[in-house]
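The residues making up each chain are set out below.
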Amino acid sequence: MAGKPKLHYFNGRGRMESIRWLLAAAGVEVRRTVNNPTFLCTFKGGTLMYEQVPMVEIDGMNLVETRAILRYLAAKYNLYGRNIQEQAWIDMYVEGLKDLSDMIMFFPLSLPGEKEMNLEYILERATTKFFPVYEKVSDKFYHGQDFLVGNRLSWADIQLLEVILMAEECKPSVLTGFPLLQEFKARISYIPTIQKFLQPGSQRKPPLDESSIESVKNIFKFERGMFLKNMSTIVAEY
Amino acid sequence: MATKPKLYYFRGRGRMESIRWLLAAAGVEFEEEFIETAEQYEKLQKDGRLLFGQVPMIEIDGMVLTQTRAILSYLAAKYDLYGKDLKETVRINMYADGTLDLMLMIALAAFKPPAEKEESLALVAQKAQTRYFPVFEKILKDHGQDFLVGNKFSWADIQLLEAILMVEELNASVLSDFRLLQAFKTRISNIPTIKKFLQPGSQRQPPPDSHYVEVVRSILHF
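Sequence order for the protein chains is U and C.
In case it helps, our numbering puts the first sequence at residues 955 to 1192.
In case it helps, our numbering puts the second sequence at residues 135 to 356.
There may be inaccurate statements among the hints.
Stated by the list, open to error - Here are the simulated PhoX-like pairs of lysine-lysine, each with C-alpha atoms no more than 25 Å apart in a straight line: (1) K960(U) with K1052(U); (2) K319(C) with K330(C); (3) K319(C) with K261(C); (4) K177(C) with K1030(U); (5) K1090(U) with K180(C); (6) K275(C) with K1030(U); (7) K1083(U) with K1069(U); (8) K275(C) with K286(C); (9) K177(C) with K1083(U); (10) K221(C) with K958(U); (11) K221(C) with K960(U); (12) K958(U) with K1150(U); (13) K1052(U) with K1139(U); (14) K1150(U) with K1125(U); (15) K1139(U) with K1083(U); (16) K1052(U) with K246(C); (17) K1052(U) with K180(C); (18) K1090(U) with K177(C); (19) K246(C) with K286(C); (20) K1159(U) with K1069(U); (21) K1030(U) with K286(C); (22) K221(C) with K1030(U); (23) K329(C) with K212(C); (24) K212(C) with K286(C); (25) K286(C) with K319(C); (26) K1083(U) with K180(C).
What the hints assert, rightly or not - Short derived list, chain U residues pointing at chain C, Cβ under 7 Å: (27) R1021; (28) A1022; (29) A1042; (30) G1050.
Hints were generated in silico from the structure; no laboratory data involved.
Just so it is clear, CB atoms sit at the ideal spot from N, CA and C, and this is done for glycine as well.
For reference, chain U alone in the conformation it holds in the complex (with noise of 0.2 Å):
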C-alpha cells in the first residue's frame, strides 16, 4: 500500500481534477480515501501548508498548490520535455489552458439569470482566442508529430484534452471548426491509461451538479455569482 499517493479534496473535479488526469495518464494508482476537507482545513499549521487543498500525499511529502503538483508529478513521470525549452513550452500551454478551465469550472457557480450569458463568453473565449492556438499548433502535426512539444506525449497533451473534453460538456458541438483539434482528441483518448480513465469506474469525477454546488459553498464559503469576466484570482473564504 505504501508508496500510492494519497489525494485530499473533496468529492468533486475542482482543482484536484488536472491532478486525477495526470496521475491516470502516467498509470498511477492512487490511494482511495475517504474525502473529509472540512476537517483538513481546520488542521491549522498542520498538513495543509496554506490551510488549503488539493494535497497530496506522496514520497514522504505532503504538497500542496495545484501547479506544484502537477509540475512534480509531470517531471517525475517524464511527461515534462527533456529539456528546459521543451518544459518553458509545456508550461505556456498548460497556463493558457488555465484561464480557461477556470472559467469552466466555476460556471455552475454562476447565478441562474447569468449562466446563459456567462455560458455565451465561455464558449466565445474558447473559440476565438483559445482552441485557435492550439489547432495552429497542431499544424505541425502534418509534419508527422502527434503531440504539442517534443514530438512525445507530455502533461500538455493531457491538459488539452482534459479542457477540450469540458468545453465539450458546455457544448458538444464545440470543436466544430478545429479538425486538427478532433483528430488529437481522437488520438489522445486513445492512449491505453487515458482511455481506461475515461471509463466509468476510474477516479475520474462528474461534473459539478446541483446538489454538490451546496457542499462546496459551504465548504469553501463561496459566493454564488462571484464569476468574473477576466478573473484571473478567485478568491475563497472559509
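Using the hints provided, position chain C relative to the given structure of chain U.
Just chain C, lined up with the frame of chain U:
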C-alpha cells in the same frame, strides 16, 4: 555575444515584477520595452508574438515566452535557482506559488474602486500575517538554515523577499512577530545583486499609482 533578454510589459509592477526580480537577483542584464499605448499593444498582438494575446512576454534564447509562471520557471531553471532535484524543486514551487498568489492579490487590488481597494489590501496584509508568513517563519525555524530550500539561495528566497517588501508597503510592522523573517529579509537584501536592485536607478518598479492604472485600463479596455 549573446543578446540580452528583452521584457515587454506596461511601465509598472503587475505580473512582470517577479520576473524583473529573478533576472536581477541572478545578475542578468535585461532590456525592456514599455507598452504605453493601445496601438503599441495591438501591434504586438498582430505580430503574433503573444501566444494568447497577453503580456508579460520575454524574448530570450531565441524564444518568445509568455505566461508569467512559464517564464519564471524557465528562468529559475536556467539560472540554477530551482533546487538540485525534484523534491527541492517542488518545495520551491510550493513556496513561490504562495507568494505569487499573495502578490497578485495586491496587484489586482490597484484596479478596484477606492473603498474595495482598501478592504482588499487590508485583507491581503491580514492573510500575509496569519496564513503565509507563519509558514515561512516555521520553515526557517525548523531547519535553522539561511535559505528556504536546500541550504542554498533559490527562487523561493527571491520571491519571499519581494513579497515581504510588498506587504510592508501596506503595513510597515507586518514582520513584528516574525524574528526569523526579519533576519531573512536583511540577509537576502544584502546579497550584492539584490542590494543593487534595491537601490534607486535600478529596473525595479514602484507600487501602482493612479496613472499606471489609467494606462493599463485604456490599453486593455476594462
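Taking the hints in turn, this is what the structure says about them:
no., hint, result
1, K960(U) with K1052(U), "holds, 23 Å"
2, K319(C) with K330(C), "holds, 15 Å"
3, K319(C) with K261(C), "holds, 19 Å"
4, K177(C) with K1030(U), "violated, 40 Å"
5, K1090(U) with K180(C), "holds, 15 Å"
6, K275(C) with K1030(U), "violated, 29 Å"
7, K1083(U) with K1069(U), "holds, 21 Å"
8, K275(C) with K286(C), "holds, 16 Å"
9, K177(C) with K1083(U), "holds, 17 Å"
10, K221(C) with K958(U), "holds, 17 Å"
11, K221(C) with K960(U), "holds, 17 Å"
12, K958(U) with K1150(U), "holds, 18 Å"
13, K1052(U) with K1139(U), "holds, 18 Å"
14, K1150(U) with K1125(U), "holds, 24 Å"
15, K1139(U) with K1083(U), "holds, 18 Å"
16, K1052(U) with K246(C), "holds, 23 Å"
17, K1052(U) with K180(C), "holds, 23 Å"
18, K1090(U) with K177(C), "holds, 20 Å"
19, K246(C) with K286(C), "violated, 39 Å"
20, K1159(U) with K1069(U), "holds, 22 Å"
21, K1030(U) with K286(C), "holds, 22 Å"
22, K221(C) with K1030(U), "holds, 10 Å"
23, K329(C) with K212(C), "holds, 22 Å"
24, K212(C) with K286(C), "holds, 16 Å"
25, K286(C) with K319(C), "holds, 15 Å"
26, K1083(U) with K180(C), "holds, 13 Å"
27, R1021, "holds, 6 Å"
28, A1022, "holds, 4 Å"
29, A1042, "holds, 4 Å"
30, G1050, "holds, 5 Å"
Of the hints listed earlier, those the structure fails to meet are numbers 4, 6 and 19, in rising order.
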